[in-house]
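Got chain A sorted already, so can you dock chains B and C onto it with the hints?
Residue numbers (numbering that gives the first Met the number 0), protein chains in the order written: chain A, 0 to 237; chain B, 0 to 287; chain C, 0 to 360.
One thing to keep in mind: the hints can contain errors.
Pulled from the structure, derived: some chain A residues nowhere near chain C, Cβ distances all over 12 Å [unchecked claim]:
hint : residue
1    : G12
2    : T14
3    : R70
4    : T79
5    : V95
6    : A96
7    : T102
8    : G134
9    : E137
10   : G149
11   : L155
12   : P164
13   : T168
14   : A198
15   : L202
16   : E224
Take a look, some chain B residues computed to stay more than 10 Å from chain C by CB distance [what the hints assert, rightly or not]:
hint : residue
17   : L3
18   : L9
19   : V66
20   : L86
21   : E155
22   : T218
23   : S226
Derived contacts from chain B toward chain C, CB cut-off under 10 Å, selection only [stated by the list, open to error]:
hint : residue
24   : L36
25   : G97
26   : L106
27   : G107
28   : T114
29   : A117
30   : A119
31   : F219
32   : L229
33   : V238
34   : V241
35   : P267
Treat the hints as calculated values from the structure; they're not laboratory data.
Don't be surprised by glycine CBs; every beta carbon is placed ideally from N, CA and C.
Below are the chains, spelled out letter by letter.
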Amino acid sequence: MIEISNLTVRFGGVTPIDGVSLTFPGGTCGLIGPNGAGKTTLFNVLSGFVSPASGSVLAFGDDLLAMPHYRRARWGLRRTFQTERAIEALSVFDNVAMVHEHTGGRRSRRRQEVLEAIELVGLEVSPDELVGTLGTRERRLVEIARAVVGEPRVVLLDEPAAGLPEEETEHLSHMIRRIPEERGALVILVEHDMSLVSACCELTSVLDFGHLIASGPTPEVLRNEHVRRAYLGTEEEL
Amino acid sequence: MPDLRPYLVLGLALGGVFAVSGVGMVVLYRATGVLNLAYGAIGALGSLIAWSMINVFLLPDWLSYVVAVVFGGVASLLYGLLVGPPLARRDPLVKAVGTLGFLLILLGIMDWVWTDKAHALILPTTQWGFQLGEVTVNVTQILAVGLAVATTAVTEVFLRVTRLGTAMRALANDREITATLGVPVRRVEAAAWLGSGLIAGATGLLLSTLVGLDAVTLTFLVIAALSAALVARLQSLVVTLVAGFVIGILQSLVTPFSLVSSYRSITPFVVAIVALLWFARRRPVVLS
Amino acid sequence: MGASSVPSHLRAPGRSPSRGGTQSRTIARGAGVVAFLGLVLLGVPALRNAYWELVLLTSAIYTIVALSLALLLGRVGMISLGQVALLAIGGWIALRLGFATSMPFLLVVLATGLITSVLGTLIGLPALRLSGLHLALITLMFAAAITLLLEATQFPNGGSGFLGHSVLTTAPSTLRRPGFASSDAAYYRLVVVVTALMFLLTIVHIRSRPGRAWAAIRQSEAAALAAGVNVTLYKLWALALASFMTGVAGGLLAASGGGLTVYQFPTQNSIILLAVTLMGGIVSLWGPVVAGLLFEALPALLRMWGLPSDLLTILFGIGVLQVQLTAAAGLASQVPKDLANLVRLASTLIRGRTGHQEHLG
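So that you can see chain A by itself, here it is in the shape it has in the complex:
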């Protein structure tokens, strides 16, 4: 469970996150909101690229903000990026193995756990292929494999379906649901594709302009009129 209390982030004259208090209890949680709502900033706070002006983040009881960024991965925090960043110069195996070896994975179990992660995401290329030769879909899957290898505790997925065709969404939703089941990790999914969010996430929270405007079971949240207004923008006053 992740508890975020009164988080505020300020830089360059804007306040991307303003006094947000939010709990991610477990399983797969969705985080949605229009562009610029602060979702990626929240991920950046969690992974340590951005320091908040105030507030606290407790993950499974540990103070996440007290850890330097590269240590959080060892703690068990993993993330993917909006623009995929699998390392082109390395093979699929090495990409995933690198995360394993830098997050305290035991060498004796490395080969097995890396191959398990590759299988979990449904990647069907040879692990010795250089990532530079793969297409976008495969690179995304490599990134997700990196996020699930070993013993992750929290997996942050940042728009994994972006730019992928409809058929992929089904495969992605199967795979994402397997992560809490088979890995025991808490998944937070940022997405614009609502069908993917409905299919995977039991609970969803909604950000708009740095504020939390709704949080609860996914079907209810998606029907909520404030959420609709935030996305579509109606004429009505709040």
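Structure of chains B and C alone, referenced to chain A:
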């Protein structure tokens, strides 16, 4: 305590040249994203050509000086036209490394044609001077200071008031958007290359007089001018001007103190290193 | 956690069909390296040409320096224009140790490498936040500053005091060669062996954990951090390794010729080194070998033919521009590709001649 005043004057003059070079480099960087490390080499080659015109071909002095300045502009423009467009979208490091290639080409030409024999080019303005209190000041030194102040002032006004200048400022801000606004990007960049090249030619002449006409020395003296530009974070012309003077004065004032005197030419580099580190101190992780 | 649920095509990487081809390529590459080393170690001294032995051993020394630069730039993405300055510092340290102690040669070289490694890491530490243009500038400043500093302090020549330089003596600043390698031919072989060891050291790093971390850092520091890589630590490790190798090269240089002088380390050499390293290529490990030859052997060749070596400076300048303009991978990567293309073209032409309807190109 030795009399520092003559050194102050020398420092002002040297600083003036650093400042002018710095301003030339900053304007070019702002308009094109290119930090021209061959700046000093261009000036040096121009001065060597002037030297040959005067001493080998026995042409009139004033003509040779004009050719030196014009050569600076032309060489710079040619580089900008040939190498500028293909590298336009690359990051500043790639563009700067390109100018290092240009530097090598120019240095090679200078070493080949003029070898490392000693040459001297003294502007006639050095012969005219006057007494300022107890210190002798010659016109070349005044020219250096005056040129620095004038160039900075004129360039600032130019950038703010004229259409071409405004276009250059827009380019510095965002090349793509400026192009879509109908600004003739290539022509504006060409103007920046030409202008900064003319300044390079002029500073080459001044430096030859103040410091000596040696291809290698002049080429790498650009690094001192670069220090002034770096203190200004490659942005503000006025800060470049002030920084140039300060660096020149600091370096010169150290001269009479024998303990550190032989290390005085390191001054600009130390300033640059400190500036670079200072401005980087709160750099966040680059997410791009 | 189903351990036995790993599908068969993933169970044994390294033994799938596509690997067979790469394995034979690796063997061929290994054979090529061995043949090259044999030629270099045995073939050159057999020519009994002292001039060329000196040129080629200096070439090997600069190959080590180019290797350090290729490591930093090509593998980690950190540009450094200060490697020649570090080479000079290494030479200085080696000389100081040589005159102040009676340590055997190899120990002096090793100590020089270690001290230079510490110095390089300390100096580079504050600059770790910099990248791209700013890193290039600060290392260039460092290089120019060291050149000026050396003009003032000179190289140790047996004098007293910390600087170890005495203006009263005309003793050259040379490090004494080891007894078992005092002749030019023997010293040449020693230098080649040390160079090969440096390559080995680099390869060991690249093929294991630091190499993978460096590949990640080079592409995206953010991704590396998110993967748990301690970016600062691995950058320092790269700096330490590069500085160590350059320091060793400095020690070797100190014993190579008639004594080190500041004229051997002008600021433009830092730029020329960058030029030849880019031209040789920063990806392939043969690149630094080409770079060393360009830096030292090519000018020697021109001098032998009576041509001015300034022409090379111009050539290197054009080379830098060409690499920047075409984002080329360098001669070491390009020439084999070009040769392979040439061979393919030739074989297609030949087949075409014998009556096959082949599409050319």
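The hints, checked one at a time:
With a minimum CB-CB distance of about 23 Å to chain C, G12 (chain A) clears the 12 Å threshold, and the non-interface call stands. For T14 (chain A), the shortest C-beta to C-beta distance to chain C comes to about 23 Å, beyond the 12 Å cut-off, and the non-interface label holds. For R70 (chain A), the condition that its CB be more than 12 Å from all CB atoms of chain C is violated, with the nearest at approximately 8 Å. With a cut of 12 Å on Cβ distances, T79 (chain A) falls inside the contact zone with chain C, its closest approach being about 8 Å.
For V95 (chain A), the shortest C-beta to C-beta distance to chain C comes to about 10 Å, within the 12 Å cut-off, and the non-interface label is violated. Chain C draws A96 (chain A) into its interface by the beta-carbon criterion, the shortest separation being 7 Å against a cut-off of 12 Å. T102 (chain A), annotated as away from the interface, has a beta carbon of chain C within 12 Å; the closest lies near 4 Å. Distance to chain C confirms G134 (chain A) as a non-interface residue, since its nearest Cβ pair spans about 17 Å, more than 12 Å.
With a least beta-carbon separation of about 14 Å from chain C, E137 (chain A) lies farther than 12 Å from that chain, consistent with its non-interface assignment. Non-interface status of G149 (chain A) relative to chain C is broken: a Cβ of that chain comes within 12 Å, the nearest being about 10 Å off. Not every Cβ of chain C is farther than 12 Å from the Cβ of L155 (chain A); the closest lies at roughly 9 Å, contradicting the non-interface assignment. Consistency note on P164 (chain A): stated as away from chain C, and its beta-carbon is indeed over 12 Å from all of that chain's, at 24 Å minimum.
At the 12 Å boundary, the C-beta of T168 (chain A) stays outside the reach of chain C, the nearest C-beta of that chain being 23 Å off. Every beta carbon of chain C lies more than 12 Å from that of A198 (chain A), the smallest distance being close to 23 Å; the non-interface claim holds. Against chain C, the non-interface label of L202 (chain A) holds: every CB pair exceeds 12 Å, the least being about 24 Å. Residue-level check passed: E224 (chain A) sits 37 Å from the nearest beta carbon of chain C, beyond 12 Å.
Annotated as non-interface, L3 (chain B) keeps its C-beta farther than 10 Å from every C-beta of chain C; the closest such distance is 22 Å. Chain C leaves L9 (chain B) outside its interface by the beta-carbon criterion, the shortest separation being 19 Å against a cut-off of 10 Å. No beta-carbon of chain C is positioned within 10 Å of the beta-carbon of V66 (chain B); the least distance is around 22 Å. Not every CB of chain C is more than 10 Å from the CB of L86 (chain B) (nearest about 7 Å), against its label as outside the interface.
Under the 10 Å C-beta cut-off, the non-interface status given to E155 (chain B) relative to chain C holds; the minimum distance is some 24 Å. Distance check for T218 (chain B) against chain C: the nearest CB is about 8 Å away, which does not clear 10 Å, and the non-interface claim fails. Its beta-carbon lying about 8 Å from the closest one in chain C, S226 (chain B) breaks the requirement of being farther than 10 Å from that chain. A cut of 10 Å between beta carbons decides the hint on L36 (chain B): the least distance to chain C is about 8 Å, and the hint holds.
The restraint placing G97 (chain B) at the interface with chain C holds, with a minimum CB-CB distance near 5 Å, inside the 10 Å limit. For the restraint placing L106 (chain B) at the interface with chain C, the shortest Cβ-Cβ distance is roughly 6 Å, inside the 10 Å limit, so the hint holds. Because the smallest distance between the Cβ of G107 (chain B) and any Cβ of chain C comes to about 3 Å, under 10 Å, the interface hint for this residue holds. Interface restraint check: T114 (chain B) against chain C, minimum CB-CB distance 8 Å, threshold 10 Å, status holds.
Interface restraint check for A117 (chain B): the shortest CB-CB distance to chain C comes to about 16 Å, outside 10 Å, so the restraint is violated. For A119 (chain B), the shortest C-beta to C-beta distance to chain C is roughly 21 Å, which exceeds 10 Å, and the interface hint is violated. Look at F219 (chain B): its Cβ gets to within about 5 Å of chain C, closer than 10 Å, so that hint holds up. For L229 (chain B), the interface hint holds, since its Cβ comes within 10 Å of a Cβ in chain C; the closest pair sits about 7 Å apart.
For V238 (chain B), the interface hint is violated, the least distance from its beta-carbon to any beta-carbon of chain C being 17 Å, above 10 Å. The beta carbon of V241 (chain B) comes no nearer than 20 Å to any beta carbon in chain C, farther than 10 Å, and the hint placing it at the interface is violated. Of the supplied interface hints, the one on P267 (chain B) holds, with its beta-carbon coming within about 8 Å of a beta-carbon of chain C, less than 10 Å.
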